[in-house]
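Dock chain A against the given chain P, drawing on the hints supplied.
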Amino acid sequence: MTAPALRWPGAIAAALVAAMVLGPVLALRPGGGALTAADWAAARFTLSQAALSALACGLLGVPLARALARRQFPGRSTLIRLLGAPFLLPVIVAVHGLLALFGRAGWLNQGLAAAGLPVVPIYGLHGVVIAHVFLNLALVTRILLQGWAAIPVERFRLAATLGASIGPLLERPMLRERLPGALLLVFLICLTSFAVALTLGGGPRATTVELAVYQSLRFDFQPAQAARLALLQLGLCALAALAVWRVTLPAGFGGGLDRSLPTWAAPGRRAADAGIIVAATLFLLAPLALILLHGLAGAGDIPHAALGAAMRSLAVALAATALAVAAALALALRGGALADLAASLPLAASALVLGTGLFALIAPFASPAALALPLTALVNATMALPFAFRLLAPAVAATEAAHGPLATTLGLTGWARLRILTLPRIRPALGLAAGLTAALSMGDLGIITLFAGADAATLPLLMQGLMGAYRTTAASGVGLLLVGLTFGLFWVLDRWGARDAAT
Amino acid sequence: MRYLLCSAGLLLGHPALAEAPQLTVLTYDSFVAEWGPGPAIKAAFEAQCACDLRFVTGGDGAALLARLQMEGANTDADVVLGLDSNLIVAARDTGLFAPHGVTAPLALPVNWDDQVFLPFDWGWFAFVARAGTPAPSSFRALADSDLKVILQDPRASTPGLGLVLWVKAAYGDAAPALWADLADNIVTVTPGWSQSYGLFLAGEADAVLSYATSPAYHLIAEGDPGFVAWRFDEGHGLQVEVAAMLARTDQPELARQFMAFILSPAFQGVIPTTNWMFPVVAMPDGLPDGFMTMATPDTLFLSPQVAAALRDAAVDEWRTALSQ
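Line order of the protein sequences matches chains P and A.
Quick note: the first sequence uses the working numbering, first residue 1, plus one each step.
Quick note: the second sequence uses the working numbering, first residue 1, plus one each step.
So here's chain P without its partners, still in its complex pose (with noise of 0.2 angstroms):
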């Protein structure tokens, strides 16, 4: 479909991918023990809290994203990008705010027991399925936004005028195309989830795979151990792409005039919409002003160290986005099953284990702490890949769908293809992608912990360091400082993509 397109570069981030997310699991030498009985307990609550969560994610998802396709509002604009937050806190920042609001102490309990009420629990199943749509909702939301606004309006006229539901006949070959990628994601993201299922969901019950692979190489050093976990991880998260590449097809809605959608298109129904947006915003946001609200006491007492590990989280987020961008764009240009395994493969990889292959590999030749930056960079990218993929590949396929053909007629191949025809075409999901990205790395603990020395520390380790001696309002203040910055960031490149495009 995409042969005048350029497909090497594809073939070549495809094998780095490959490399950067099996070496490091080869290196520790898979091996050990059969699977224990808690083991197997372990993977199958893995299995059903990431089936749960991206179900919960996708019957929420669906109507949340209909809703902001079909209505105009002011502010609409900066609403989704605001909704998009919990996805991109650091978890450690995000499980503090959900528990504000839903806790033992939290203000939904406050209310209930001042109105006499018994006290509904967050810790259990539940309270992981509900932490998981909240860190996630906005992720699928975002993608089927895109999926609405890449039905050319025209269709939408066409149908009007037929009198034709656009239900069977735009709407659900849209999801068809998209939402399984987007569960997807959901799924392998909740797969090796760890904090976040251990502490919601109350105790040991809630193990997950992730915490064995923790233990393994943190506690008890069994590399042999840890490798065998992640490949099951892996097998796990192959078998699930290639589910979801089967069902996955593509919409072919053809080329339009890029024209907005107007409201026209979907009368009645105005108060349900209205419900479902206002109700996925209370949720989505009301934990995030509670953290702004903490954040703000500790403003006063964010240790000098900040600026330092500020510019260094930057750095490193900007670093991560160029190089998840380009991969992803690669893969996406190429397309078909092999990019979508090669970009799915990260999310299945435990960054943990990423990183200890990687610190195994890298010992004898260097000092790891040495290169912590430039190491948590490169982790950091292949772990955002699968969501600037996810991204960039539908605008990279419809693109090419509507207006390939005439390129190829017209001579235009290779890099000037690339320049004048996707580029363009695709730069909402790029700003999105690498926005995205960038927040992702800016977030991120898994990794940098294993190299980085007191000097190298970023934002989140050092909001780590806060907490753990016990200046939790600092570690506030650092966290607030880092959500802004995080937010700031994606902000800009959001918006740099978005410049007047609907979503």
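If you are wondering where the hints come from, they were derived from the structure by calculation, not from laboratory data.
Each residue gets a CB set at the ideal place from its N, CA and C atoms; glycine is no exception.
Don't take each hint at face value.
Which stretches of chain A does chain P cover? Using the computed rule of at least three CB atoms under 8 angstroms from a CB of chain P, they are [as the list claims (entries may be wrong)]: (1) 162 to 175; (2) 184 to 193.
Ranges of calculated distance between the beta carbons of each label pair, as one might list FRET restraints [what the hints assert, rightly or not]: (3) A:Asp285 / P:Val492: 50 to 56 angstroms; (4) A:Gly172 / P:Thr281: 53 to 59 angstroms; (5) A:Thr273 / P:Leu242: 55 to 61 angstroms; (6) P:Gln110 / A:Met283: 51 to 57 angstroms; (7) A:Gly101 / P:Ile12: 51 to 57 angstroms; (8) P:Leu285 / A:Ser137: 41 to 47 angstroms; (9) A:Gly172 / P:Trp245: 52 to 58 angstroms.
Reference listing, derived: stretches of chain P covered by chain A, where coverage requires no fewer than 3 residues with Cβ under 8 angstroms from a Cβ of chain A [stated by the list, open to error]: (10) 102 to 115; (11) 185 to 198; (12) 352 to 361; (13) 470 to 476.
Just chain A now, with coordinates in the frame of chain P:
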């Protein structure tokens, strides 16, 4: 360019600085933070050793050993500082460490004559609560109450493992039954101490597994007397943090000098109000006011050998009882 010239000038002007031998100490993150013991200890040691003391950090206490095993013979660490006493058997088995040769007497609540692993601070585990919360006097009383606590996971955190061994030492074969009765008192379990303590401060539980000296931080550093540690009649588990020198160090003399320095007043004096743990030698001027607000408890300590032998079974009992 100007910067380069300046640096060159500095190096040329101070040849001694450039040639000073370097001692590399691998430790955990919070030890070297600006609010931790690291800066004062570095300054005091460099004043007496004519050397450059370099700290390298590698996550928390449990991660230090993993890191040394990963680096193996390639490590540039001369001394490791911050291993938990429950990891000593595993650490000894690696064969990476050499005797420290320090003979000065220690002031620990237990006997300690290990020739390789030298304690540098210690503390009693305890549940920490807000003042005014009803205080149970034992695990049994806690299990019979409606009080809610937050713990750390023994599979991922050293205090979490410390608690499981503490309960095992106190209850032996009755430990599984106690855990079953405690299950409804446990709000949740976090992977590490800092998440637990953060949730406790946010009001998610009445108490949190921490240290008997945690209230001292709030009192001395924040001027807040609003925290207490619960004293349990069964006695309290002990965390002993140890240091050891690497057998393959290229600075054996400096490393031995540093091991001896660990017991000096310059090192031990900064421990109470930076690491918020007890020093391992008697302090000439005593401990800071308000450092220990809880009445002195009995000590329940499993020797590293016994702890290593019991550990897997004790953690299994914990997991099984709390997974019902």
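Check, residue by residue, whether the segment 470 to 476 of chain P contains three or more positions whose beta-carbon lies closer than 8 angstroms to a beta-carbon of chain A, and give the verdict. Satisfied; 4 residues make the cut.
Take the segment 184 to 193 of chain A, compare each residue's beta carbon with every beta carbon of chain P, and decide whether three or more fall closer than 8 angstroms. holds (count 8)
Range hint 41 to 47 angstroms (beta carbons of Leu285 of chain P and Ser137 of chain A) holds or violated: Distance hint for Leu285 of chain P, Ser137 of chain A holds at roughly 45 angstroms.
Quick check: do three or more residues in the segment 162 to 175 of chain A have a beta carbon closer than 8 angstroms to a beta carbon of chain P? violated (count 0)
Counting residues of the segment 102 to 115 of chain P with a beta carbon closer than 8 angstroms to any beta carbon of chain A, are there 3 or more? With 3 residues in contact (Cβ-Cβ under 8 angstroms with chain A), the coverage given for the segment 102 to 115 of chain P holds.
Per the coverage rule (Cβ-Cβ under 8 angstroms, at least three residues), is the segment 352 to 361 of chain P covered by chain A? holds (count 3)
Note whether the CB distance of Gly172 of chain A and Thr281 of chain P lies within 53 to 59 angstroms or breaks it. holds, 55 angstroms
Is it true that Gln110 of chain P and Met283 of chain A lie within 51 to 57 angstroms of each other by Cβ? violated, 45 angstroms
Using the beta carbons of Gly172 of chain A and Trp245 of chain P, state whether their distance is inside 52 to 58 angstroms or not. holds, 55 angstroms
Cβ separation of Thr273 of chain A and Leu242 of chain P, checked against the hinted range 55 to 61 angstroms: holds, 58 angstroms
Given the range 51 to 57 angstroms, decide if the beta-carbon distance of Gly101 of chain A to Ile12 of chain P lies inside it. holds, 56 angstroms
Between Asp285 of chain A and Val492 of chain P, does the beta-carbon spacing fit 50 to 56 angstroms? For Asp285 of chain A and Val492 of chain P the Cβ distance comes to about 55 angstroms; the hint holds.
Going down the numbered hints, you'll see the structure goes against 1 and 6, while the others check out.
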